[in-house]
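Line order of the protein sequences matches chains A and B. Just so we're aligned: 26 in the working numbering is position 26 of the first sequence, and the numbers increase by one with no gaps anywhere. Just so we're aligned: 118 in the working numbering is position 118 of the second sequence, and the numbers increase by one with no gaps anywhere.
Rather than coming from a laboratory, the hints here were simulated on the basis of the structure.
Chain A stretches covered by chain B per the calculated footprint, using a threshold of three residues with CB under 8 Å from any CB of chain B:
{"no.": "1", "stretch": "24 to 35"}
{"no.": "2", "stretch": "41 to 47"}
{"no.": "3", "stretch": "89 to 100"}
Each computed EDC-like pair below joins lysine to aspartate or glutamate, with the alpha-carbon atoms no more than 20 Å apart:
{"no.": "4", "chain 1": "A", "residue 1": "K41", "chain 2": "B", "residue 2": "D22"}
{"no.": "5", "chain 1": "A", "residue 1": "K44", "chain 2": "B", "residue 2": "E26"}
{"no.": "6", "chain 1": "B", "residue 1": "K3", "chain 2": "A", "residue 2": "D56"}
{"no.": "7", "chain 1": "B", "residue 1": "K3", "chain 2": "A", "residue 2": "E42"}
{"no.": "8", "chain 1": "B", "residue 1": "K38", "chain 2": "B", "residue 2": "E15"}
{"no.": "9", "chain 1": "A", "residue 1": "K44", "chain 2": "A", "residue 2": "D56"}
{"no.": "10", "chain 1": "B", "residue 1": "K38", "chain 2": "B", "residue 2": "D18"}
{"no.": "11", "chain 1": "B", "residue 1": "K38", "chain 2": "B", "residue 2": "E59"}
{"no.": "12", "chain 1": "A", "residue 1": "K41", "chain 2": "B", "residue 2": "E10"}
{"no.": "13", "chain 1": "B", "residue 1": "K3", "chain 2": "A", "residue 2": "E57"}
{"no.": "14", "chain 1": "A", "residue 1": "K41", "chain 2": "B", "residue 2": "E26"}
{"no.": "15", "chain 1": "A", "residue 1": "K78", "chain 2": "A", "residue 2": "E68"}
{"no.": "16", "chain 1": "B", "residue 1": "K38", "chain 2": "A", "residue 2": "E42"}
{"no.": "17", "chain 1": "A", "residue 1": "K41", "chain 2": "B", "residue 2": "E44"}
{"no.": "18", "chain 1": "B", "residue 1": "K38", "chain 2": "A", "residue 2": "E100"}
{"no.": "19", "chain 1": "A", "residue 1": "K54", "chain 2": "A", "residue 2": "D24"}
{"no.": "20", "chain 1": "A", "residue 1": "K44", "chain 2": "B", "residue 2": "E44"}
{"no.": "21", "chain 1": "B", "residue 1": "K16", "chain 2": "B", "residue 2": "D86"}
{"no.": "22", "chain 1": "B", "residue 1": "K3", "chain 2": "A", "residue 2": "E100"}
Backbone N, C-alpha and C define an ideal beta-carbon position, used for all residues, glycine too.
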Amino acid sequence: EAGVTQFPSHSVIEKGQTVTLRCDPISGHDNLYWYRRVMGKEIKFLLHFVKESKQDESGMPNNRFLAERTGGTYSTLKVQPAELEDSGVYFCASSHRGSEQYFGPGTRLTVT
Amino acid sequence: AQKVTQAQTEISVVEKEDVTLDCVYETRDTTYYLFWYKQPPSGELVFLIRRNSFDEQNEISGRYSWNFQKSTSSFNFTITASQVVDSAVYFCALSPFAGGTSYGKLTFGQGTILTVHP
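Chain A extracted, bound-state conformation (with noise of 0.2 Å):
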């Protein structure tokens, strides 16, 4: 079985500019979750979704990040336009009703 997968695994881009984060989730589960890692700080949680509905946001930083899961499969977080301490790891997770979170290789974003 596929685990969680994550692209890119790197992106570096200016600040200004719009970077879009993919994650596939493990077939079959429900719940999807993004969280960020800034560099030398806890593991964050930004938002979760239940199929294509948002649980919670409660952690999204600001509205220059959207994310979305049309059709409740793979999901896309957008930073636009991106911000220097927008920089970190970003991470998604996935999980079946009340199962354990499975996590992403992460995605280590760079803005200059």
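With chain A held as given, fit chain B onto it using these hints.
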């Protein structure tokens, strides 16, 4: 609000030593889940264990063991006879129990970098 504290930023041991990673948590919930994840150099977070708050039995899995003490709000992780392959960042995490809009939301500690030297 939920909070997880891993006071040990870095630990360095020699192979075959036992090592304990500390985790202390705060929550107002009466029921919750506790987790440990391992992040090897490859970067992904690997699930190790989930415990629910009403099961305080300690658990052992091979060289890994976990000590959950609700009275002290601690969920410590011990690796017995450590090996070089255990070198990684280890994260402790907390989530609400089922139900409510914040179900599944993990609150992580800062992580402990474990280095096991040959």
